[in-house]
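Q: Mind docking chain B on chain A? Use the hints.
Protein chains: 2
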Amino acid sequence: MSTRMSVDFARDTRLEAVDRGLMYGDGLFETLRVVGGVVPLWPRHAARLLASAVRLGLPAPDTDAILAEVRRLADGLADAVARVTFTAGSGERGYARPHPAKPTTVVVVGALSLAGAPYREGIALRLCDTRLGDQPLLAGMKHLNRLEQVLARAEWSDATAQEGLMADQQGRIVCATAANLFVAIGGRLVTPPVDRCGVAGVARAEVLAAGDIEIRHLAPHELVAADEVFLTSAVRGILPVRAFAGRTWQPGPVTRHWQEHWGGIGLPLPNRSKDSD
Amino acid sequence: MSTRMSVDFARDTRLEAVDRGLMYGDGLFETLRVVGGVVPLWPRHAARLLASAVRLGLPAPDTDAILAEVRRLADGLADAVARVTFTAGSGERGYARPHPAKPTTVVVVGALSLAGAPYREGIALRLCDTRLGDQPLLAGMKHLNRLEQVLARAEWSDATAQEGLMADQQGRIVCATAANLFVAIGGRLVTPPVDRCGVAGVARAEVLAAGDIEIRHLAPHELVAADEVFLTSAVRGILPVRAFAGRTWQPGPVTRHWQEHWGGIGLPLPNRSKDSD
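As given, the protein sequences belong to chains A and B, one line each in that order.
Heads up: the first sequence begins at 0 in numbering that gives the first Met the number 0, then just goes up one per residue.
Heads up: the second sequence begins at 0 in numbering that gives the first Met the number 0, then just goes up one per residue.
These are calculated hints, taken from the structure and not from any lab test.
Check each hint, because a few of them may be wrong.
Note that the list lumps identical chains together, so a pair holds whenever it fits in one copy or between two copies.
Claimed, not checked - Straight-line Cα separation of at most 25 Å, DMTMM-like style, residue types lysine to aspartate or glutamate; simulated pairs:
1. 141 <-> 213
2. 101 <-> 157
3. 101 <-> 91
4. 101 <-> 11
5. 101 <-> 154
6. 141 <-> 128
7. 141 <-> 154
If you're wondering where the values come from, they're calculated on a predicted model, not measured in any experiment.
Chain A extracted, bound-state conformation (with noise of 0.2 Å):
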């Protein structure tokens, strides 16, 4: 994609090699979703920075100002996606962090345009056999460590998926590699808890708050004798899924009810009916 980019807050698509980001994966990134200048979801974007930067021991980003960065490189494009990197900035080498740290912000922008077949039809997904470490210090965020869903991500290549779960050292499914996991038993709607592991993502955040949700393990049989399965992401919304480990479903109330809900707080989703992406 075309993307629109700074550095500090300044025109710029460099930064120093020595940067603890770089370094040392020492600090934090958002990923979301621009619609016609809003962020519908930033308010829990900054919530979910604002809280990990005190976890991690970083300064507190200047989320006003990452804001109005977003926006205005933002400005112009219909539907677009931001990337916002805040770091520890540079250092000297050593794990010790810099007193006082000066922190790195990058902001990358592009157009956003959602393909329509994933909504209309669902998605299929794999079970990855990368597992998710315990590690509950770092659970939750979404922090600069993910080589775990790196290597998640680079167990496939071809079509026959679009996303991947992930499973803790357990073998319980926590989430999906870039999207958390919801799924409709008997009624409820469940979700897997990312205090030991995975990613408290800002959808995932949306949901809780909006409906009245379980929040427990998961194992892969009851995900194949589920109701209905979505995932949510900051981005993609609300994405239903058709087919996992055998099992196919089809888009099923619970997630148009849900996919409503994401058009309702002004991130509208393609038109189920819509014929062409």
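A: Structure of chain B alone, referenced to chain A:
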């Protein structure tokens, strides 16, 4: 320190902000000591870098070119430390790597001056609250996902300790934030396994290759009861431990033996009889 740098073997101090090394910590690094233009442990650094690239599915680094670059940047320095960072390179947004990946190589070199006191008197250790996550797929590698070490090192900023030990999720000691651990107990030299967490240091590999070492888990109380304790680091060599958890030691004959071994392979450590630092 005054540094000399290159990015992809050309004089530069910056890299693309969309490099996957920054975006996802998708890469590896080595930190090595260069004495008079020679890197005595280079074969071990190169072997770890190559083996880790295979594990992560990265293209093979050109280790000959990297060594030549390290030596070029270290030219004229009697003693130097080099950091080599090898990433998956720039790519589109998303966890899927581009095919083919075009890696990025960053080399940073600075003069090294090892203070004498730690080698003569030993260093004090603390036990970090930050525990290492359980992730066999990433264990042992010196990859760019180092938030655990950053959090552990951020636990103290005073001079009461020079290094911190990190335990696994079960509370067993694994390594220090930036060094491996060896313990002399009852005539045996013991080091913990690094197959589920921790880094398999090249200095550790040198000791394992040159000695008769037992690899097994260590509880904190075993450390306190040990005859000798020392840390190993590619840059700092063999560091005697003088204090941990209320116990104190004098540097003993086993530690001295390995310090002499270090001098013998071309990595001289500050003379233990010298008074000045």
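Q: Please go over all the hints and tell whether each is borne out by the structure.
A: Okay, the hints, checked on the actual structure:
{"no.": "1", "hint": "141 <-> 213", "result": "within (22 Å within a copy, 38 Å between copies)"}
{"no.": "2", "hint": "101 <-> 157", "result": "between (42 Å within a copy, 21 Å between copies)"}
{"no.": "3", "hint": "101 <-> 91", "result": "within (12 Å within a copy, 27 Å between copies)"}
{"no.": "4", "hint": "101 <-> 11", "result": "both (18 Å within a copy, 21 Å between copies)"}
{"no.": "5", "hint": "101 <-> 154", "result": "between (37 Å within a copy, 19 Å between copies)"}
{"no.": "6", "hint": "141 <-> 128", "result": "both (21 Å within a copy, 22 Å between copies)"}
{"no.": "7", "hint": "141 <-> 154", "result": "both (21 Å within a copy, 21 Å between copies)"}
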